[in-house]
Amino acid sequence: MKRWLVTISPAHDAADVARAIAGTGVAVEQVLAEIGSVVVNAEQAQIGSVKAVVGVDAVEPDQSVDIGPPDGKIS
Amino acid sequence: MSALDRGDDDFTTGRYIVTYKDGALEQGLAALRASNMRVADTRDFVDHSFVAQDLGDADAVLFPELGCALIGGEAFAERAMTLQTQADDPAQTIEPEYFAFAERNTSEYLRGFMRAAEAIAQDLLGASDSELDERELEPQVLGATWGLTQCKVPLSVQSGMGISVAVLDTGMDLGHPDFAGRTVVTSTFVGEPVQDLHSHGTHCIGTACGPKAPPGTTPRYGIGYNTKIYVGKVLTNAGSGTTAGILAGINWAVGNKCAVISMSLGSNSPVQAAYTAAGRAALQKGSLIIAAAGNSGGPTGAPANSPTIMSVASLDPNLKPSSFSSFGKVEIAAPGRDVFSSVPRPTRYGTKSGTSMATPHVAGCAALWAQTNPTLRGLALWKKLTASAKSLPFPASKVGAGLVQAP
Numbered sequence: 000m001k002r003w004l005v006t007i008s009p010a011h012d013a014a015d016v017a018r019a020i021a022g023t024g025v026a027v028e029q030v031l032a033e034i035g036s037v038v039v040n041a042e043q044a045q046i047g048s049v050k051a052v053v054g055v056d057a058v059e060p061d062q063s064v065d066i067g068p069p070d071g072k073i074s
Numbered sequence: 000m001s002a003l004d005r006g007d008d009d010f011t012t013g014r015y016i017v018t019y020k021d022g023a024l025e026q027g028l029a030a031l032r033a034s035n036m037r038v039a040d041t042r043d044f045v046d047h048s049f050v051a052q053d054l055g056d057a058d059a060v061l062f063p064e065l066g067c068a069l070i071g072g073e074a075f076a077e078r079a080m081t082l083q084t085q086a087d088d089p090a091q092t093i094e095p096e097y098f099a100f101a102e103r104n105t106s107e108y109l110r111g112f113m114r115a116a117e118a119i120a121q122d123l124l125g126a127s128d129s130e131l132d133e134r135e136l137e138p139q140v141l142g143a144t145w146g147l148t149q150c151k152v153p154l155s156v157q158s159g160m161g162i163s164v165a166v167l168d169t170g171m172d173l174g175h176p177d178f179a180g181r182t183v184v185t186s187t188f189v190g191e192p193v194q195d196l197h198s199h200g201t202h203c204i205g206t207a208c209g210p211k212a213p214p215g216t217t218p219r220y221g222i223g224y225n226t227k228i229y230v231g232k233v234l235t236n237a238g239s240g241t242t243a244g245i246l247a248g249i250n251w252a253v254g255n256k257c258a259v260i261s262m263s264l265g266s267n268s269p270v271q272a273a274y275t276a277a278g279r280a281a282l283q284k285g286s287l288i289i290a291a292a293g294n295s296g297g298p299t300g301a302p303a304n305s306p307t308i309m310s311v312a313s314l315d316p317n318l319k320p321s322s323f324s325s326f327g328k329v330e331i332a333a334p335g336r337d338v339f340s341s342v343p344r345p346t347r348y349g350t351k352s353g354t355s356m357a358t359p360h361v362a363g364c365a366a367l368w369a370q371t372n373p374t375l376r377g378l379a380l381w382k383k384l385t386a387s388a389k390s391l392p393f394p395a396s397k398v399g400a401g402l403v404q405a406p
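The listed protein sequences derive, respectively, from chains A and B. Read in numbering that gives the first Met the number 0, the first sequence has 65 at position 66, and its numbers run on one by one without any break. Read in numbering that gives the first Met the number 0, the second sequence has 252 at position 253, and its numbers run on one by one without any break.
Keep in mind that the hints were calculated from the coordinates and are not lab data. Do not rely on the hints blindly, as some may be mistaken.
With a Cα cut of at most 25 Å, we get these calculated BS3-like pairs of lysine-lysine [said to hold, decoys possible]: (1) 319(B) / 72(A); (2) 328(B) / 72(A); (3) 72(A) / 397(B); (4) 1(A) / 50(A); (5) 151(B) / 397(B); (6) 389(B) / 151(B); (7) 256(B) / 319(B); (8) 328(B) / 397(B); (9) 284(B) / 211(B).
With the rest of the complex left out, here is chain A (with noise of 0.2 Å):
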């Protein structure tokens, strides 16, 4: 299980969409309408599912991010 950012076409209403998703069986865990994006908790086989949902142009799996310590030379 993990997390997975999709994204929504600019043509669809992402809570709708959103809403489809979760028809699928899996976790709707965040609706960012202003910026068109869902974030889900899935396991990789619900993925394709999800990928077929109308109105899902990616699904891509959550990365992370680090700018390195307080001290860092170069952040």
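Dock chain B against chain A, hints included.
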């Protein structure tokens, strides 16, 4: 002239100037002669005027009109003279003579002046008590950091009034005295309070939005001093975050109509569709996302590598691309080496380097541009920034359109 050939930072000529107390000039002249110096007295020259050759092999030149004498370095040393004066000396002060230069280039002149001032201070006060190095002295003499000066910020009449700037980072020291009275809106997306316990966020906010006149002798280090500051904590106090948290921060900033969104963060990841979509939506809604190109020295990372997000490279004080600055998809460049700005209390100020420091220079300048014209939003603001950038003799892959400039 051999002194000039030393090629070091010592601006002394090797000669000494003795300034006499009122009425003590003749006594001073007598003292010089008593020590067997050959003294040239300008009263002996027509119109008190002479050229160097006229002095022959004089050890000293007396300037009665000025009440002082110029003593040659060898003559000074041979008589074991020092800079100290006794109470009954005819001399008020004895100082090394310094070169004065005429410089075409104002900043070179000021740098030279500053080195001379430091040299004089060390001579008079005693050496190496001073911890000041040139970089710290420079902003104090010039009144603003090198970065603000190069971006032409001090010359701008804009303040960012009416413009909301979101800085998505490690939060902010909300009690920092330099931000007292500022309008600050906060939100956390990482499960920790917005209060910055890292320092990165406070430093970036300082550059983008810091005060016009920091207290005491602190140089100006901030650009949009009247902006409304939106602090989105998308990085923990340990400096880490996720795309999901960052997207949530962007969503919040766009929803709050922030014309400028500054993101000094990223990874070496290839383009992420989520960032590209966020950038597109932001532009359409009048928000410009500005992100750091990265410090890997390799290709621009995400989110800056999204075509809908403005990527910022870092410049050194000599306006060359910083060695660490990523390249490839770069839209613009800004000062990113040895950038002085605010950090959390008690330290209050610190110097950092990185494309993280270059990014808020662009964000701050973007806020000033946005203030000049309400149509300068989103893509129009992006284009204005690149069109008005100062061209640099480096490829676009390194510096984009060049050095960002304030209106």
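Taking the hints in turn, this is what the structure says about them:
Restraint check for residue 319(B) and residue 72(A): the C-alpha separation of about 19 Å stays at or below 25 Å, so the hint holds. Distance hint between residue 328(B) and residue 72(A) is fulfilled; the C-alpha atoms sit about 24 Å from each other, no more than 25 Å. Taking the CA atoms of residue 72(A) and residue 397(B), the gap is about 21 Å. The hint holds against a cut of 25 Å. Our distance criterion of 25 Å between C-alpha atoms is met by residue 1(A) and residue 50(A), whose separation comes to about 16 Å.
In summary, the hint linking residue 151(B) to residue 397(B) is supported, as the alpha carbons are separated by about 21 Å, within the 25 Å threshold. Using a Cα cut-off of 25 Å, the hinted pair residue 389(B) and residue 151(B) holds, with the two alpha carbons roughly 10 Å apart. Pair hint residue 256(B) plus residue 319(B) does not hold up; C-alpha atoms about 35 Å apart against a cutoff of 25 Å. Annotation: proposed proximity of residue 328(B) to residue 397(B) holds, straight-line Cα distance about 8 Å (limit 25 Å).
Only pairs whose Cα atoms come within 25 Å are accepted, and residue 284(B) paired with residue 211(B) is rejected, the gap being roughly 29 Å.
When each numbered hint is compared with the structure, violations occur for hints 7 and 9.
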